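Asker: The task is simple: from the sequences and hints, build the whole structure.
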Amino acid sequence: MKKAAAIILAALVAVAGTACSQVKPADTTTAAAKTESTTAETAKETEAVKEGTHIYVLTVPEDHGWTGSVATFAKQKIQEVNENGTYTAELITSANAAEQIRNIEDIVSKGEKNIAMVIQPIDDTVQSAIQGVIDAGIPYVAFDRIIDGVSGKAVTNVKGDNSGIGAGAAAYFVSLGLTPGEPIYVYEGDTSSVTTLRNEGFTKYLTGELEFGGEVISADKKWSQDDLKSITYSGAMNWSRSDTKTSFESLMGDSKNAKIKWFYAEDDELAMGILEALSGGGIDEATKDTFLSGKPVITGCGGLDELYEVLRGKTYEDIASKCGGIMSVTYSPSMIQTAIEDMVDYLDGKQVTQDHVIACENVTSENVTEYPSF
Numbered sequence: 004m005k006k007a008a009a010i011i012l013a014a015l016v017a018v019a020g021t022a023c024s025q026v027k028p029a030d031t032t033t034a035a036a037k038t039e040s041t042t043a044e045t046a047k048e049t050e051a052v053k054e055g056t057h058i059y060v061l062t063v064p065e066d067h068g069w070t071g072s073v074a075t076f077a078k079q080k081i082q083e084v085n086e087n088g089t090y091t092a093e094l095i096t097s098a099n100a101a102e103q104i105r106n107i108e109d110i111v112s113k114g115e116k117n118i119a120m121v122i123q124p125i126d127d128t129v130q131s132a133i134q135g136v137i138d139a140g141i142p143y144v145a146f147d148r149i150i151d152g153v154s155g156k157a158v159t160n161v162k163g164d165n166s167g168i169g170a171g172a173a174a175y176f177v178s179l180g181l182t183p184g185e186p187i188y189v190y191e192g193d194t195s196s197v198t199t200l201r202n203e204g205f206t207k208y209l210t211g212e213l214e215f216g217g218e219v220i221s222a223d224k225k226w227s228q229d230d231l232k233s234i235t236y237s238g239a240m241n242w243s244r245s246d247t248k249t250s251f252e253s254l255m256g257d258s259k260n261a262k263i264k265w266f267y268a269e270d271d272e273l274a275m276g277i278l279e280a281l282s283g284g285g286i287d288e289a290t291k292d293t294f295l296s297g298k299p300v301i302t303g304c305g306g307l308d309e310l311y312e313v314l315r316g317k318t319y320e321d322i323a324s325k326c327g328g329i330m331s332v333t334y335s336p337s338m339i340q341t342a343i344e345d346m347v348d349y350l351d352g353k354q355v356t357q358d359h360v361i362a363c364e365n366v367t368s369e370n371v372t373e374y375p376s377f
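Under this note's numbering, the first residue of the sequence shown carries the number 4, and numbering increases by one thereafter.
Everything labelled a hint here was simulated from the structure, so no lab data went into it. These figures come from a predicted structure and were not determined experimentally. Beta carbons are placed, not taken as given, at the ideal position from N, Cα and C, and that holds for glycine. Hints may be right or wrong, so weigh each one.
The calculated DSSO-like cross-link candidates involving lysine-lysine, where the alpha carbons are at most 27 Å apart (straight line), are [stated by the list, open to error]: (1) Lys116 - Lys325; (2) Lys232 - Lys207; (3) Lys262 - Lys298; (4) Lys298 - Lys224; (5) Lys225 - Lys262; (6) Lys232 - Lys291; (7) Lys232 - Lys262; (8) Lys259 - Lys325; (9) Lys156 - Lys232; (10) Lys225 - Lys156; (11) Lys116 - Lys156; (12) Lys325 - Lys353; (13) Lys259 - Lys298; (14) Lys291 - Lys259; (15) Lys259 - Lys232; (16) Lys207 - Lys224; (17) Lys298 - Lys317; (18) Lys291 - Lys325; (19) Lys232 - Lys317; (20) Lys317 - Lys353; (21) Lys262 - Lys325; (22) Lys298 - Lys207; (23) Lys224 - Lys259; (24) Lys156 - Lys298; (25) Lys317 - Lys291; (26) Lys353 - Lys298; (27) Lys113 - Lys78.
Listed next, with one range per pair, are the computed distances between beta-carbon atoms [stated by the list, open to error]: (28) Gln134 - Asp229: 39 to 45 Å; (29) Asp229 - Gly283: 32 to 38 Å; (30) Glu83 - Gly283: 38 to 44 Å; (31) Glu364 - Thr199: 20 to 26 Å; (32) Asp351 - Asn241: 34 to 40 Å.
Answerer: Below, the structure written as structure tokens:
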């Protein structure tokens with residue numbers, strides 16, 4: 004009996020010893036150390052993903068001064084990125100929205116790793132293609148023409164102050180004596196958010212809802228909603244000087260319109276179209292004399308050197324001398340470089356502002372020497 008008990012005890016001891024030998028050593032790593040290690044590994048993986056990223060820069064057609072200069076400034080920045088060596092970049096321009104959609108979809112369909120996009124949408128129809136970029140997990144920066152439906156998913160939305168452009172034009176008119184309810188003619192750019200914002204900024208300044216240069220319109224010059232009905236909109240000029248020239252000649256074909264004094268053109272190209280019409284033979288001379296005798300005021304925006312030359316007193320001197328004022332609100336195409344730099348900053352792990360709005364200022368013959376043109 005004692006012998007049997009001894010055998011059983013020995014067996015139990017052996018089993019216990021085997022079990023003890025299978026217990027893993029205690030993990031002495033602290034929670035903080037584990038977190039630090041995990042964070043370091045994640046950061047290393049993120050850095051590996053971002054380093055060597057290829058940036059596709061997609062812009063609109065090079066069909067007039069401003070957009071053509073966007074491509075010029077983009078190429079300069081792309082060269083800088085490529086020379087730096089951390090990332091690579093290339094420019095892709097598209098002739099129209101359909102082509103831009105195809106270009107975006109082609110990039111996404113390749114399934115490339117380590118890519119990013121800077122996109123200047125041609126119009127709102129590009130939204131579905133940009134949604135595809137988002138769904139594929141590709142970071143993108145929106146430039147200039149911001150599409151509301153996808154703007155919240157952008158790394159950043161880089162744009163000039165389009166509302167400020169409208170406000171700047173309205174403030175200029177008011178400074179030169181515009182009173183509530185006077186006829187105003189607006190030459191619109193296109194059907195995108197850019198035009199919508201430039202229209203809204205103009206009217207909201209007049210109604211006192213928006214300031215410009217830190218100031219709001221005085222109470223005695225404020226417009227009512229009924230007053231706003233005296234504003235006429237051209238419809239889309241497609242940012243075309245020649246289309247605006249033709250439109251203005253047609254407008255002046257009715258001599259009653261020669262009494263309109265205030266012309267807000269939403270781009271310098273459009274303002275130049277008005278000046279070209281006034282210097283050409285497409286308007287009856289008597290109507291032209293009536294128009295200029297009213298001291299008309301013309302505003303544009305963008306920084307086009309041709310319009311700045313007018314402000315410098317170098318061209319269209321006779322017409323300019325008869326106008327009550329000519330002005331251009333700043334909206335430089337060099338902003339594309341800011342958009343590309345914002346993407347580089349994002350890839351570098353820096354904080355970027357989702358809505359990056361670049362302020363605008365009014366440029367007149369008095370201060371034109373202080374501003375660069377393109």
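Asker: Mind listing which of the numbered hints don't hold for this structure, in increasing order?
Answerer: The structure conflicts with hints 1, 9, 10, 12, 19, 20, 24, 26, although it agrees with all the remaining ones.
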